[in-house]
Amino acid sequence: MSLGGITESAGPRILAFSTNNISDPGIDLAGSSHMSYAPTVTVLPVPCSSGIKPIWILHALEAGFDGVFIAADGTDCAYVQDCTDRTAKVVARAQELIREKGLDPRRLKMAAICSVCAESFVSHIEKFQKLLNEVNAS
Amino acid sequence: MEDRRIGVFICYCGGNISDYVEVEKVRAAVENEPGVVLAKTQMFACSDAAQDEMISDIKEKGLDGIVVASCSPKLHLYTFRAMSLRAGLNPFRYTQSNIREQCSWAHRDGGPFATEKAIRIVRAGIARARLSEPLATMRIETTPKVLVLGAGVAGLMASLTLADIGLPVFLVEKEPEVGGWTCKWGGMFPQGNGSDLVEGLLKKVKQREDITLFTRAEIIERTGSVGDFTAKIRVADGSVVSLEVGAIIVATGFDTYRPAEGEFGYGREGVWTLPEVKEWLAGNEGPLAVDGRPVESVAYIYCVGSRQPKDSELERPNLYCSRYCCSSALHTALQIHERNPEVHQFHLYRDMRSYGKYELLYEEASRKGSMFFRFENDAPPEILAESRRHIVRAKGQLEGDEVLDIPADLVVLVTGMVPRQNDALINVLKLPVGTDGFFNEIHPKLRPVETVMDGVFIVGASQGPKTLAESVASSLAGVSKSAALLKKGYVDLDPYIAMVNAERCVWCGKCLEACPYGAIEKSVLEGKEIASVIPSLCKGGGACVPVCPEDAIELKGYTSEEITAAIDALIEQVAAPVP
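Chains as they are written, first to last, in the working numbering: chain A, 3 to 140; chain B, -6 to 572.
There may be inaccurate statements among the hints.
To be verified - Below, computed lysine-lysine pairings styled on DSSO-like, alpha-carbon distance capped at 27 Å: (1) A:Lys91 x B:Lys423; (2) B:Lys54 x B:Lys33; (3) A:Lys91 x B:Lys515; (4) A:Lys111 x B:Lys33; (5) B:Lys423 x A:Lys111; (6) A:Lys129 x B:Lys303; (7) B:Lys177 x B:Lys196; (8) B:Lys549 x A:Lys91; (9) A:Lys91 x B:Lys503.
It is worth saying that the hints were derived from the structure and are not from the lab. Since the model is a prediction, treat every value here as computed from it, not as a measurement.
The shape of chain A in the complex, shown without the other chains (with noise of 0.2 Å):
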């Protein structure tokens, strides 16, 4: 799945969908605050992470990137209250396509990113990015 460039040896490509109001003010942080996280991994915000189609999310794997991780509203979430249920609904149908098409569905990733979760957006990259390194060799 090599796209050539130069940032292939920062390690795997993240597509990260965060949302307008809460987790991309969180990632956000992250770089206000000069925590560094690695450039292969972008962000592309929408409104809120239950408006996600699952065919965006194959889309992006079957593009080149090597995860998907959805930083969710979780509980501060100000578009529906069950949030987290509706945005584990479209995880769960895109992890069946995912599978469908002979992917890993490790390759997707969702975990609540509050607009202060500065490092825990940081830390969940990492073990993503070592997860998709185990999963990329396997």
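Add chain B to chain A, keeping to what the hints say.
Chain B only, in chain A's frame:
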């Protein structure tokens, strides 16, 4: 795809971006992307001059879409939307690419990584700009009333000022009395007395029919959104009232640092915190005495509980400077000099931060005989037990490391402000809290009282340590933000709402089930039952999107076409690897 005319503006942010991202290389890498007719770099894209340049580029080059690659959209989304409007460009044809918080600041290790990532991010922005459509905002009427939480001086001032400009206020205070810390603390700099000040403000508040004061009351629920909130308040008799307001000002103040038992001798008679000494001075007019013994000598230890080292054993050390304490301790020393000029006063400080006009307090205290000794943080003073007096042993850094034994009848631990423990409030308002535990503003300089929750403002010491004057200034900033929002009578909401593809929709009702706002209804189009969206009720969360079995409902601005185009651009190889 129609031929687009897109302009790309990439910001140096005066080094914040360009120190880690080679901005000119990003420009070169994107200038030939499809649809791009102009790509340029700017030192500060948000400056007036840069915005004027963008406006003339949009007009002269006939741009029909722009990408600004700079900081987080949380900071300047509205700046550039407003600029687009001034240039005659539909503001929703502008796309923000975040190459600062999510690129240059997160990847400062050097090397070409950050530059390559920035290229991908800008390309994704261009891909979305290419698909952007002109959209119209949705206007909702606002409720011209404000809820103020906390009736300390900041909350009282905010309420009176809001009422003065014609906005009715509900003022909610948890305690039985208003006035917070100020009314306990006696004399103030440069003049006046805390309890007199609070009494005066309360009198004015009571005269105003458009201010409703609830004491022993708390907010327990908040629903709605900017301009149109419903807040449930549990009032003194236990009943719950429901209030409709357009904005919420949080003025819940601070707590004072409470030293641990034995920290600098705390817990012994005559070893008190600064707030305790202030209350003691305010409540006692006779000769100064502790435990029946006259006070002849006072020692102040500064920075107790503030600027704690990162590597300390504390679970969450207070890393910050509390700003008010140096000046407040000097002011207290002056009051004691005034009450009894014979008292010897010794100040043991780390750095004397009596900034601005508070420097006058330092000069006057020195003139009246206060003695100042600077200590190093790794050699803090010790309090030794003596039968009658405390002995404060300190190494004066400017005295050639001489060890000083200072006898003191009263030891003042100059403690700072700490955030109030109020998890229930944080939970109700969904307000972000910073690493210091105080409420987090969007930007300390550019948007100091605004929060990520539109229409909820944080003022006074709930946002961070402040002097009374600073607290009031911040509270007035909250007032002007609320007034700017509510006096207009309406807010324009983002047009990123759901839309139904009538051809695909077969009306199964799944979207109706998924929507918590009742924004979906069944309608009939040319004899076919389909779902339709009620624009004023749709909040644009998108919960209806993934549940549709026919893929017939999408969010404007977040369509599958736009998202997959962005994903493709984010993974696409950077053609000419940046050397």
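Tested hints:
1. A:Lys91 x B:Lys423: 24 Å, holds
2. B:Lys54 x B:Lys33: 13 Å, holds
3. A:Lys91 x B:Lys515: Cα-Cα ~25 Å, so holds.
4. A:Lys111 x B:Lys33: 38 Å, violated
5. B:Lys423 x A:Lys111: With a Cα-Cα distance of about 25 Å, the restraint between B:Lys423 and A:Lys111 holds, given a limit of 27 Å.
6. A:Lys129 x B:Lys303: 25 Å, holds
7. B:Lys177 x B:Lys196: It holds: about 17 Å lies between the C-alpha atoms, which stays within 27 Å.
8. B:Lys549 x A:Lys91: With Cα atoms ~23 Å apart, B:Lys549 and A:Lys91 stay inside 27 Å; holds.
9. A:Lys91 x B:Lys503: Since the Cα atoms of A:Lys91 and B:Lys503 sit roughly 14 Å apart, the hinted pair holds (cutoff 27 Å).
Hint compliance for this structure: hint 4 alone is broken.
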